[in-house]
Amino acid sequence: MSDVTLPASLQGVEPVKSIRTPARLDYVYTAGRASSRFLHNVANKRLVGQRCPVCHKVYVPPRGSCPTDGVPTEEDVELAHTGTVTSFCVVNVAFMGTLMEIPYVGALILLDGSDIPIMHLIQEVPYDQVHSGMRVEAVWVPDDEIGPTLESIRHFRPNGEPDASFESYKDNA
Amino acid sequence: MRDVAVVSFAQTHHAREVSDINEVEMLMPLMGEALAGSGIPKDRIDFVCSASSDYLAGQPFSFVMSLDAFGPWPPISESHVDMDGAWALYEAWVKMQMGKTDVALIYAYGKSSPGDIRRVLSRQMDPYTVGPLWLDPVSMAALQARVGLEAGTFTVEQMAEVVARNRRAGATNPYAQLGGEVDPAALLAEPEFVAPLRKHDCPPITDGAAVVVIAAGDAARELSDRPAWIRGIDHRIEAHALGLRDLTRSVSTEQAAARAGVADGPVDLAELHAPFSHQELIIGDALGLADGVDVNPSGGPLCANPIMTAGLIRIGEAATRISRGGGDRAVAHATSGPCLQQNLVCVLEGE
Amino acid sequence: MGKERVAIVGIGQTKHQSTNDGSIAGVVRTAARRALGDAGMTWSDIDAVVIGKAPDFFEGVMMPELYLADALGAVGKPMFRVHTAGSVGGSTAIVASDLIASGIHERVLTVAFEKQSESEAMWALSVSMPFQPPMHAGAGGYFAPHIRSYMARSGAPDHIGILVALKDRLNALKNPYAHLHEEGITFDSVKDSMMLWDPIRYSETCPSSDGACAMVLTNEAGGDAAAAAGRAPAWVKGTALRSEPTMFAGRDQVNPQGGQDCAADVFAQAGITDPLREIDVVEMYVPFSWFEPMWLENLGFAPIGEGWRYVEDGVTQMTGELPVNCSGGVLSSNPIGASGMLRFAEAAMQVRGQAGEHQIDGARTALGHAYGGGSQFFAMWVVGADKP
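These protein sequence lines map, in sequence, to chains X, A and S. According to our numbering, the first sequence holds residues 21 to 193 in order. According to our numbering, the second sequence holds residues 25 to 375 in order. According to our numbering, the third sequence holds residues 1025 to 1412 in order.
It is worth saying that the hints were derived from the structure and are not from the lab. As the structure is a prediction and not an experimental result, all values here were calculated from the model. Please note that a few of the clues may not be correct.
One side only, chain S facing chain X, incomplete, derived with CB under 10 Å [claimed, not checked]:
1. Phe1167
2. Glu1268
3. Met1271
A short, non-exhaustive set of chain S residues, derived as facing chain X with CB atoms under 7 Å [what the hints assert, rightly or not]:
4. Gln1041
5. Asp1045
6. Gly1165
7. Pro1169
8. Arg1172
9. Met1219
10. Leu1220
11. Pro1269
12. Phe1272
13. Ala1273
Even glycine gets a Cβ: it sits at the ideal position worked out from N, Cα and C.
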């Protein structure tokens, strides 16, 4: 920095302004029991959440614990593949690794039977027609491409049902 | 200073690799054990402080989700350090000194198994001059051991004795990863790993977690039959560059020990976070431990070394022994950084 | 607060910019030296160093406090590293304050920094976890739906976000340390900037900055000495931290309980019952413009649903009743790890009367606010010109 006075021997020497150190570290992540079970179910085209024994809220994807009560969640709850858009955003920036055509819509979707929305894409509808309360259904990738990842759901699309009332999702808006 | 004591401690059964559960699943049962298991209602906790490392987890802000294990609702007063859990305990102890916090929960976790721990820890070094060399902690510890051996500070026989004693103690600790009867002479017959260190001079690679509850004054007496009172706690850091330090000494441990008052009374037992065998000898000297002090009755980090956690475990182990009447005065020590760069010393006493 | 009163007697920061040519050590040291100079101290006067930043991946250095011990004069002293989320700069200042308030130390140097240019921030944040739901949209994509929810709930018109962005960028022109100095910025130029994550426009988002902030904190004797020497200290009147889970059923991310509780706690400590009237100036963590009206409500300055009207009525302008982010705020400079501490430091600068062109005349009491994560980590302090 400018408040350093260099000794005479270094004056006029071209400063090293940056060095490049490529660093590669490989990790093997642990999904954990709850996520592992959830993803196995996804691979079988099932969405299975878990209910907290204390507050009775249904979490999806389940993480094995209730974040407010700090207790294990063990009761499985089979969820519908339909839900309600609670909020959304229209994305106009291309993100690394995203092959989406912009603009596209990322939405918070409250699956029927669950108490917490998941984030996913809304497609097959013009982006400016997406709105909160819209009823949507999951569109799965072809059966031979389904695996233990939420990307097995390609996106959600309107399912034609009338909008849900604000009352039905107000706790998650 | 306000009287603060360790009133509860829980740790995992440490293992080389815990691959079926994530951090939350690892921590949640420990929280239950440390609270419900000790009759401490969750709503008595006024402050939570945790310790972990994104570099271990391979994920930025990895600590955020692990807080779910506590269930922080209604919202809690909470903080996190990217240091060993012993420093998280220090932060909580400082909060208590201000008078309004009475019971605090500290947790720490470290899973080394997701990555290559030697490569990961090499990222701690000066990024401009040392980082590009990928110098790893085992190599640096070997360098330190070489200096000590050549200076006559300790011998390979003493190092082997340290390993044998810790392994023997580890056999009595159900949470330890390693333990058993080993002959020091047989240890010396084994090949060198990173000379002059042999494999057994190095800590095992461990996945593990720990939870400690501390409480002030009357709250501590209420929550524990025999609280382990923190009579002194201090930490100091040294220069980062190895060439700027006398590697045969731990000056920062000496400084912290003086301020924590280690020499103010006889020490019954010590739990030292010395990951390498020769470092236990260096730390023992720095603390001025007399002959006869029971050093690492748990088996220490040579028998289980969950990164970010092993220092907090030393405090928990020492406190548990005090609480169970296994001693009246103990020293717990934690370290961080290459070749013992940063050290924390905690003196615990029964009443 | 604790046994000891806490005074802020020295403040320093770097010029925030997209690429700082200094080393990491050089950047933190520059801020620290400026804080020491402001305090009339040298390295040897300091008892302990508290450093904060998050996350380590941004510079590619694990636990950088180890490497920075030498540069920050910490050898032989306690060096403490805080690592919370975006609130880290605030949490770090609070740990430093606690070390004084508890009577453990007399003079503490606290520093927070970020060198986003050192690594790829977007890369560091996008380590993809194979079994977690795909995010699809980055940080803006996470927050945009909550902003939309706020607009729906409150009926706030679209131009509110533009007004906030325009105000903060104009304020930044008065702050020589601010990263963005957009001469000629207008309502229309913000309005016409690209819509990134509808409803968030490009000019309503924060930049990526390199920068550091440092403060010297002392006990009451130190504060009195500074005052006697003609360097008015800022006095800490309250500090608070709150955290809540990232995701839970029924979580209100527009008006999080943690922020409400944190504000209530810090105001109670400072004896403040009517924040709008009693707080003279606020430095608020606003990385996307819409968070200003949301936090005005969350912190209790405005009734629920009315925050946007305060923006529209000019209440948060430098000429208004409650000036917010006179420094230009996070919207004008965002060295992430330091952004929270900058809010705390700028609040202290205001009550010390050292904010230069962006000074609010006669400011006596100020709030510094930081938040992080998915709006679930909060750190705040109230500072005043008068000894508590």
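Do the hints match the structure? See the list:
1. Phe1167: Check passed: Cβ of Phe1167 (chain S) comes within 8 Å of chain X, closer than 10 Å.
2. Glu1268: Holds, because the Cβ-Cβ distance from Glu1268 (chain S) to chain X comes to roughly 8 Å (cut-off 10 Å).
3. Met1271: With a minimum Cβ separation of about 6 Å from chain X (threshold 10 Å), the hint on Met1271 (chain S) holds.
4. Gln1041: violated (13 Å)
5. Asp1045: Hint on Asp1045 (chain S): holds, closest Cβ of chain X at ~5 Å, below 7 Å.
6. Gly1165: holds (5 Å)
7. Pro1169: holds (4 Å)
8. Arg1172: Status holds, d = 5 Å.
9. Met1219: holds (5 Å)
10. Leu1220: With a minimum Cβ separation of about 5 Å from chain X (threshold 7 Å), the hint on Leu1220 (chain S) holds.
11. Pro1269: This interface hint holds because 4 Å falls under the 7 Å limit.
12. Phe1272: holds (5 Å)
13. Ala1273: With a closest approach of 4 Å, the Ala1273 (chain S) hint holds.
Figure legend: structure checked against the earlier numbered hints; the only hint not met is number 4.
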